[in-house]
Amino acid sequence: MNDTPVFNAPNGTLQLPPQMSTLAPHVDWLYYLVFWCSVASFVAIVGLMTIYIIKYRRRPGRKSLPTGHNTPLEIAWTVIPLILLMGLFHLGFKNYMSGLVAPKDALQIHVRAMQWNWEFEHPNGTTQMNEAMLPVGVPIQFIISSSDVLHSFYVPEARLKRDAVPGLYTTLWFEVPKERLQGKKDVDVWVFCAEYCGAPHGITNGSEANTNHSTMRAQLHFVPQSVYDDFLKKGPPPPPECEGKPNVASCWGEQIYEQAGCRACHHTDGVTEQPGPNWKGLFGHNVKFEDGTSQVADANYIRQSILQPQAKIVAGYTTINMPPYRLSDREIDAVVAYIKSLGEQ
Amino acid sequence: MTVKAGVAIPGTPSETTDEELNYLNNKTGIKSWLLTLDHKRIGVMYLWSVLIAFLIGGVFALLIRTELLTPGKTIMEADTYNEMFTLHGTIMVFLFIIPAIPAALGNFFLPIQLGAKDVAFPRLNLLSYYLYVLGSLVAIGSIIVGHIDTGWTFYTPYSLEGNSSVLFMTGGAFILGFSSILTGVNFIATTHKMRAPGITWRRLPLFIWSLYATAVIQVLATPVLAITLLLLILEKTMTIGIFDSRLGGDPVLFEHFFWFYSHPAVYIMILPGMGVVNEVITTFSHRRIYGYMFVAMSSVALAILSFLVWGHHLFAAGMSAYATMVFSMLTFLVAIPSGIKIFNWLATLYQGSISLASPMLYTLGFIALFTIGGLTGVFLGTLALDIHLHDTYFVVAHFHYVMVGGTVFGFLSGLHYWWPKMTGKMYNETVARIAFGFVFIGFNVTFFSQFLLGSQGMPRRYYDYLDQYQPLHMTSSGGAYILGVGFVIMGAMFLHSLFKGKKASENPWGSAGYEWMTSTPPHPENFAETPVMTRGPYDYELCTEAELYEGFRSELPAALAE
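As given, the protein sequences belong to chains A and B, one line each in that order. Read left to right, the first sequence gives residues 4 to 348 (our numbering). Read left to right, the second sequence gives residues 20 to 581 (our numbering).
Isolated chain A (complex conformation):
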């Protein structure tokens, strides 16, 4: 399918990051072809320039010779680069197409970009925020969309990016070779947002994850197929950091709070004014809504507020429309446990 030559450097080089896709060695070969052609051209041009400057420097008795004209020379330095460049164009287009057209049996993952989070949806409907568990050794096609402004799904280690455009599906695909696991349980690959998508005004936490364009990242955890199948059946497992903690669920809930971007709008200190209601002391508290009704914040209320945020709007919090967060049941339980741990009333 892609028979262009390869340059293998799994752990990356001075110029390029590690190779985490089957496409990367092909792209890297082309990169180094262009690089060495460029170095040769640069050395030739600047080298000649330097030689001329020294040899023909102005000094008493130095006469400049009248300029001649040489049409064959002019044609030669027009046509020869043209042929070389068309060769490069051909190689570039070939590799581009192989990153664009996915194999028919590719695993399809939906990626939804929103300020400033990445939501991943697996074929069975399981969703993950700013992280995704994915299998190695299988071509994976990402079907990318955006629910607000332009974003760009960029995986440097796969050498691929594609913009997330509101109102349009875009796709890219790649496959992480099995050998990249190298006996480890999983291997992580970063996703960056490469199309500028802004920052909320007046924020002071710009270096925290998923609060603006520069921290809109996600981590793809590549695992063996069997682990991925298990994940699809049971939903995501609690993160390893929480194993052995007295309250695994609330620890996991706090992790989700950080990773899913809840933090951008909801604070947990009971003090700071944010676009969303503060979570401290929320559980068991009587909440007043915009339409005048009220309800005690119990597990059912929190579950509904995650899955259907527009159903009940807390009085005074109309400036930002929270998007629905499609978390798995276990994750919702964890978030409820976390809010509960922040204190009841």
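Quick caveat, the hints were computed from the structure, so don't treat them as lab data. Among the clues, some could well be false.
Unchecked claim - What follows is a list of derived Cβ distance ranges for each label pair:
id, chain 1, residue 1, chain 2, residue 2, range
1, A, Val-104, B, Leu-253, 52 to 62 angstroms
2, B, Arg-452, A, Leu-51, 16 to 26 angstroms
3, A, Pro-69, B, Leu-375, 35 to 45 angstroms
4, B, Leu-253, A, Leu-85, 21 to 31 angstroms
5, A, Trp-39, B, Pro-216, 38 to 48 angstroms
6, B, Lys-46, A, Asn-73, 30 to 40 angstroms
7, A, Asn-73, B, Thr-47, 29 to 39 angstroms
8, A, Leu-51, B, Arg-554, 39 to 49 angstroms
9, A, Pro-8, B, Trp-220, 26 to 36 angstroms
10, B, Tyr-149, A, Asn-14, 55 to 65 angstroms
11, B, Gly-91, A, Met-89, 39 to 49 angstroms
12, A, Thr-74, B, Leu-74, 42 to 52 angstroms
Beta carbons are placed, not taken as given, at the ideal position from N, Cα and C, and that holds for glycine.
Assemble the complex: chain A is given as a structure, and chain B must be docked to it using the hints.
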């Protein structure tokens, strides 16, 4: 009775008895500047204005680089940072680079090189300057109104959200566009109709050829920017549904519209720089340019190709694969005329008599840096590589090599080259060379490290970054400070020259160019009498033995003396 510029009135005591009449002393007072129709004075006013814009844009650049010294917050918050890079981009592009060479140096030297008394439409020329001032003020007004953080590209739908400062910035760019169009129209008309006797198309200085090609792009492409920005303003104020997908619009359409102007604009920026290089390289090698018609026509070819490659900014934007293929192929073609220029410059140096005065240093710097900028453009034109490198620091480094290493070095080369003619003063050559050293080294340290950042996967417009990128970011910031020091030295040198510089002779570089035939500073009407050109501007083969080393004598050729 009005005093006509350049005409001594019999009986009135002339204030210029001890000094030759020139464009600076023929009239005095603030009004004589603000209402002047003299293209030279308008050029000088443009020069001051673009230098102020460059200073402001440069300060923003240093603030950006300081913020990026460390991951997380260094000196400012994320939204302030976003405002900084937006202002840096818009000011540098619309207020500095686009007008820098054509409107400042071009305004001054295009009519002189043509042996004309002024541009074809002097009043239009003054209007273009005031439109520039108005546009600049409106654009900078966006800072006062609110918070402009869209980037200089104003991509929708992000630019449709938020406050009205976007309206000011785009409104400013809209007005600046008209200033650009008027300059273009003026240059085309002047080049066609006002050439002095003897200046045939084949004797046209190559600076004029490049300004002419630039003017054609300005006149044809800038209206598209005006339409695009107008549509953006209408969409923002009236929500019509052109770019907003929720209303049936298409955000990618904005990208197409924007780059349909802004890609040709890249050539509006670089072609005049190449024009300066042509003038300087012949003067300081004392040799006719190699392949005159190839160099002239490569400017025209670049102007034409510039309209056909805008799609290469959208390779990752979800454009169809066929469109992508065509745009990639056309993009590769741009390398050909650029290459022709570089090869012909090398052939001009060959067997010349090369002087390394400061204007020539900047020109040689241009050739080296533009070569890097051009070669890294080949990476970006290669589709599979662009998909990795697009919107990373590799692109940032690439266009800074072209825009700063190319255009700014061309502008500085021209400024050093023509400074004595414009001001009548020489500057300190040693200090000029020291400043060049700082600028050249600082520039390369700043931007070469950004190639590595980008190829390693660091996206652009990032306030915060992963720790692994910090060493290269620190290197880049260090380079920016060296670059800043270089510009401070240069600024001090020029100011010193202005007040205490030695008087410049008519032709200090011994150039054969037409503009060096007139007095220094030039006569209010450029030449006291309409010159008749009996030779080309690069005819160094007509030199006598002595002149080949000493440079062309300043007086006009014998045919004119009669």
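Hint check results:
For Val-104 (chain A) and Leu-253 (chain B), the Cβ-Cβ distance of about 39 angstroms falls outside the hinted range of 52 to 62 angstroms, so the restraint is violated. Taken as a hint, the range 16 to 26 angstroms holds for the pair Arg-452 (chain B) and Leu-51 (chain A), whose Cβ atoms sit roughly 23 angstroms apart. Distance hint check for Pro-69 (chain A) and Leu-375 (chain B): the Cβ-Cβ separation is about 22 angstroms, which falls outside the suggested range of 35 to 45 angstroms. Between Leu-253 (chain B) and Leu-85 (chain A) the CB atoms are about 43 angstroms apart, so this pair departs from the stated range of 21 to 31 angstroms.
Distance hint check for Trp-39 (chain A) and Pro-216 (chain B): the Cβ-Cβ separation is about 53 angstroms, which falls outside the suggested range of 38 to 48 angstroms. Distance hint check for Lys-46 (chain B) and Asn-73 (chain A): the Cβ-Cβ separation is about 51 angstroms, which falls outside the suggested range of 30 to 40 angstroms. Between Asn-73 (chain A) and Thr-47 (chain B) the beta carbons are some 53 angstroms apart, a value that contradicts the proposed interval 29 to 39 angstroms. Roughly 29 angstroms separates the CB atoms of Leu-51 (chain A) and Arg-554 (chain B), a value that falls outside the hinted 39 to 49 angstroms.
Here the CB-CB span from Pro-8 (chain A) to Trp-220 (chain B) is close to 49 angstroms, at odds with the stated 26 to 36 angstroms. Our hint of 55 to 65 angstroms for Tyr-149 (chain B) and Asn-14 (chain A) holds, since their Cβ atoms are close to 59 angstroms apart. For Gly-91 (chain B) and Met-89 (chain A), the Cβ-Cβ distance of about 46 angstroms falls inside the hinted range of 39 to 49 angstroms, so the restraint holds. Evaluation of the 42 to 52 angstroms hint for Thr-74 (chain A) and Leu-74 (chain B) yields a pass: the beta carbon distance comes to about 47 angstroms.
Violation of the numbered hints given earlier is confined to hints 1, 3, 4, 5, 6, 7, 8, 9; the remaining hints are satisfied by the structure.
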